[in-house]
Amino acid sequence: MSGVQNISRRDFLKQSGIAGAVVLGANVVPGPMIAAVRAQSGGASIQPNLFVGIAADGTVTITCSRSEMGQGVRTGIPMILADELEADWHRVKIWQAPGDAEKYDPAGKDGQNTDGSRSTRHHLDVMRELGAAGRYVLEQAAARKWGVDAGEVYAKDHRIHHTGTGQSFDFGEVVDAAADIEVPTGAGAPKLKDMSQWKYIGRDMPVVDNYDMSTGGASFGADISIPGMKIAVVARPPVYRGKAKSFDATAALGVQGVEQVVEIPPLPDDKPAEFRALGGIAVVGTNTWSVLEGRRKLAIEWEDGPHTAHDSSTYDDELRAAAAAGGHVIRDRGNVDEALAAADQSLEAEYFVPYFIHTPMEPPAAIVDANARPVKVVAATQSPNETRQYVAEALGLEKSDVTCEVTLLGGGFGRKSKPDFACEAAILSKMIGSPVRVQWTREDEIRNGYYHAASAHRLKAGLDASGKVTAWHHSGAWPSLIALWAPDARTGHPIEYGLGLIDTPYDGVPNLRIENGEASAMIRVGWYRSVNNIQHAFAMNCFANELAAAAGRDPVEFLLELIGEADVMDLAKDGVENPWNYGDSVEEWPIMPKRLSNVLRVAAAKSGYGKTMPKGHGLGLACHRSFHSYVAAAVHVVGSGTMARSGFPRWTWPSTAAGTSIPKG
Amino acid sequence: MVSIRINGISRQFHGSPDMPLLWYVRDELGLTGSKFGCGMALCGACTMHVDGVAVRSCVTPVSYADGKEVTTIEGLDPEGNHPVQRAWRAHNVPQCGYCQSGQIMSAAALLQSNPDPSDEEIVSGMAGNICRCGTYQRIFAAVRTAAQEV
Ligand code: FES
Ligand code: FES
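Protein chains in written order, with this note's numbering: chain A, 1 to 665; chain B, 1001 to 1150.
Hints are computed from structural coordinates only; laboratory data are not their basis. Where is the CB? At the ideal position from N, CA and C, for every residue including glycine. You may find that some hints are simply not true.
As the list claims (entries may be wrong) - Negatives, chain A to chain B, calculated, CB over 10 Å:
1) T59
2) D125
3) W146
4) D209
5) E301
6) W302
7) D317
8) L340
9) T359
10) T441
11) F538
12) A551
13) E577
14) K606
15) V638
Unchecked claim - Derived coverage of chain B by chain A (criterion: at least 3 residues anywhere in the stretch with Cβ under 8 Å from a Cβ of chain A; other residues may be distant):
16) 1005 to 1019
17) 1030 to 1036
18) 1066 to 1074
19) 1081 to 1094
20) 1123 to 1132
21) 1136 to 1149
The whole structure should be built from the sequences, with the hints applied where relevant.
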């Protein structure tokens, strides 16, 4: 249990950010971590970081400490709690927590960074417990008011009912009597609802920001203004790590509304890019259009630096050659070379995935007042805690000198985990002595954003006379995102291997080798959505389908044979010890081929796979394990490759025991 | 000087007549419901009505709206209860929400000019509004629902 505490009369209350006559606190820490945290804190009760408050008018306020970017975290996580609490969803409000990882991620699991597809996984249990505890104290309070046994009362639809008399109280009517009711732990801890009684979890619930989003009232990064704020856009070097040699701002300064043109100094060559501001010429003024016009009128001479030779076609060829060369064996089973030599038929194919840019619908924007203490940052960020850290560094301050409020994000996809844009605003704010909002444009994002790695994959396989795969060899090469910290990195990081490559689920293949070839990063490579799973799933599923065709076999049956029916795939037997497993242990979150086979079978059945299709139609299936979820997709393609209708049946199992899916999550 | 009525209020603007309506409305008037997505009439996030017709305000100079009536998402309905807005909520359309002001303004203009659109007319009428989250099926369903009400 997470140790839910009634803190209505406690010191924690003022730090909760939550108003209410009754406030309960708990800790968001995944189950097994709780012991570690308790140990760390000397066995004392943990300082709560998740709160639910119930006010005298019945309004329920719930903390959201992770960033909303369309994945539904402000809806999906609170509705777990609301369900257990028996709250009316329409009377629930969300309080968005600022960046404070010490508080919101005490176990150091995610740094309060909303990425890695883990928010729901980390919150499910504790939100249920907190909701159940809230229900418990309200029931106790009502029983006390009526002078009846608590066994005679129950919460339902935002009211506490008495079974005998049919009387009921609104939640708000009992909060005064609930403030000092302790939440029992251990065997007497409030009971969770049975899954069959869930009314919100697993359902499509109204998005909490629905009204604001349909009336223009929802606030994103660029929608925030603070007194005295200036608006800035930045002309950034056209080549990664380039610098301005000289610039002439005369014409820019002639634009009405432009006030200053200043240089954000280039990041020193010996400092890795990470999430830092790389430098550029900033145009600062009173409105966005003026500074955009001013930027168009800047005359800048750039010094391009070492990456000027980066050219897509040459680089793509280098990646292809690196994939073919391989060299770093990361998983090895049996003897692939012998099996390939002995094969009746062998096949080789290459798959290439180009750079992707995140292009969230909302281009990055951040507001910083660097002259206030603490420094104020308001940003569309997935990672408010790292935003504080990098802004502090940019200003020569400590993280504790910087606060960060989180707005709604108009999409994130990993781009907004990287607070370079807030660093630019911080540097400018300090330079000009006013708060600054830095606005990126769509073109800025495409020219100067963080790109998902381009990658090349060389796959080889051997088949025996019956068309069964006897050898599978996959060699991939890509610029590692670790180059953001270690620019000389030439190989992938264990994290990237763990993203659908080292855990290649083809457990049914007796000889299997996975390699990584070397490549250098020539631009900022940063994670994008499911990260390397994208190219790995693409390459291996395409190749499996091509192999099936070469063998003249049914591709679904072929994939099922590759995957096999093992409950758990043990990587240790292929020489892999402690693979990176989405930050979790393989004991807790094993790699389960059978689950993958199952979702593939379901997708095949639901998509009508196997039925005769009209001429020119085709149905393709693929499946993959990504972030502990097992996903299969079927796509119906017509004619010359035009997608006529595509169905994406998607099944996720975020927990090993129960299939629990929180919609909007 | 440019004179415009915005959401029923008369305004005079003395700045550059070339300034796009989007930036005038967002930065000068502080109405931030209309969003900046691309600035090049490619995404629809900035959609407003000028004399009832949907325009991409990021490329529409204020001078174009001189003497005209401009409606932004904030002015579509005083209570936020335009049939399109209600349909949007009923269908739980938004994900991140960033494109949705523009989607709603495009849908409202579409139904204004064509109260009974066919499926194809909905698709083509909404085609210029991009949703990076991919909420298109719900957008379509919400426009259908709203069409029954207007
Ligand atoms: S911002 Fe106007 S169409 Fe994209
Ligand atoms: S809801 Fe996110 S872009 Fe449309």
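Worksheet entry | Index of numbered hints that the structure contradicts, given in increasing order | Checked against the structure, the hints that fail are numbers 4, 9, 10, 21, while the rest are satisfied.
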